[in-house]
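Undergrad: One letter stands for each residue in the lines below.
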Amino acid sequence: SQTIHQWPATLVQPVGSPLSLECTVEGTSNPNLYWYRQAAGRGLQLLFYSVGIGQISSEVPQNLSASRPQDRQFILSSKKLLLSDSGFYLCAWSVQGASYYGYTFGSGTRLTVV
Amino acid sequence: KQEVTQIPAALSVPEGENLVLNCSFTDSAIYNLQWFRQDPGKGLTSLLLIQSSQREQTSGRLNASLDKSSGRSTLYIAASQPGDSATYLCAVKSYNQGGKLIFGQGTELSVKP
Numbered sequence: 001s002q003t004i005h006q007w008p009a010t011l012v013q014p015v016g017s018p019l020s021l022e023c024t025v026e027g028t029s030n031p032n033l034y035w036y037r038q039a040a041g042r043g044l045q046l047l048f049y050s051v052g053i054g055q056i057s058s059e060v061p062q063n064l065s066a067s068r069p070q071d072r073q074f075i076l077s078s079k080k081l082l083l084s085d086s087g088f089y090l091c092a093w094s095v096q097g098a099s100y101y102g103y104t105f106g107s108g109t110r111l112t113v114v
Numbered sequence: 115k116q117e118v119t120q121i122p123a124a125l126s127v128p129e130g131e132n133l134v135l136n137c138s139f140t141d142s143a144i145y146n147l148q149w150f151r152q153d154p155g156k157g158l159t160s161l162l163l164i165q166s167s168q169r170e171q172t173s174g175r176l177n178a179s180l181d182k183s184s185g186r187s188t189l190y191i192a193a194s195q196p197g198d199s200a201t202y203l204c205a206v207k208s209y210n211q212g213g214k215l216i217f218g219q220g221t222e223l224s225v226k227p
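As you go down the protein sequences, you meet chains A and B in turn. Taking the working numbering, the leading residue of the first sequence gets 1, the next gets one more, and so forth. Taking the working numbering, the leading residue of the second sequence gets 115, the next gets one more, and so forth.
Bound-form chain A, shown alone (with noise of 0.2 angstroms):
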């Protein structure tokens, strides 16, 4: 079966720290990957998709970038944290050329930035 793991479960930076923020699927192969904020009162926001390694979509301009080193590992970093980029982060996989297969979301990472 399919499992995606995101790491840390909790993560308190001082602005201007570097974010690594980690992502990994197990179970399948070529993935679609995609990274999701969850700002306190408003609904999800994607942030990044993946549809192979190396291949990075971004939907909205911002501080965070992410890459996909290997098949199924999804990275959300920053070289400088704002106090905007709190929030609980979350990372989700679907299958890769099939509409009709739905998103499983991992468990996330709440970040404060302080």
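The set of hints was computed from the structure by calculation and includes no laboratory data. For glycine and all other residues, C-beta sits at the position ideal for the given N, C-alpha and C. Be aware that a few hints might be false.
[Stated by the list, open to error] Okay, the calculated beta carbon distance ranges per label pair:
#1 125/B with 60/A: 26 to 32 angstroms
#2 11/A with 134/B: 36 to 42 angstroms
#3 170/B with 16/A: 47 to 53 angstroms
#4 132/B with 112/A: 34 to 40 angstroms
#5 124/B with 53/A: 39 to 45 angstroms
[Stated by the list, open to error] Now the stretches of chain B that chain A is said to cover, found in silico as 3 or more residues with beta-carbon under 8 angstroms:
#6 139-150
#7 159-165
#8 217-223
Got chain A sorted already, so can you dock chain B onto it with the hints?
TA: Okay, now just chain B, sitting in the frame of chain A:
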């Protein structure tokens, strides 16, 4: 551009009551619609997935319906329990937005014993 709206934003009911959560979307060109549950501080758990060609899906006490032509879905919860308390999110996989999943703002449900 696809927009998803959920009504009500919050709902409080006594235990045992049957309830309906509503979801509407502006573009009927969808692949499917998913209902998720989110507990405080946790990730999203998929409850039901309805394909665009389907009218409803059932899982235990949950029943989700889809009327694609009118852009509406409902999530029916029978005999609610305190353990059902959570935020329920509706999301559509939008054809005209490259298959991306577009979310509503959610309905926060509280079931009181």
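Undergrad: Now, for every hint given, state plainly whether the structure supports it.
TA: Evaluated hints:
no.	hint	in the structure
1	125/B with 60/A: 26 to 32 angstroms	holds (30 angstroms)
2	11/A with 134/B: 36 to 42 angstroms	holds (38 angstroms)
3	170/B with 16/A: 47 to 53 angstroms	holds (51 angstroms)
4	132/B with 112/A: 34 to 40 angstroms	holds (39 angstroms)
5	124/B with 53/A: 39 to 45 angstroms	holds (42 angstroms)
6	139-150	holds (count 4)
7	159-165	holds (count 4)
8	217-223	holds (count 4)
Violated hints: none; the structure is consistent with every hint.
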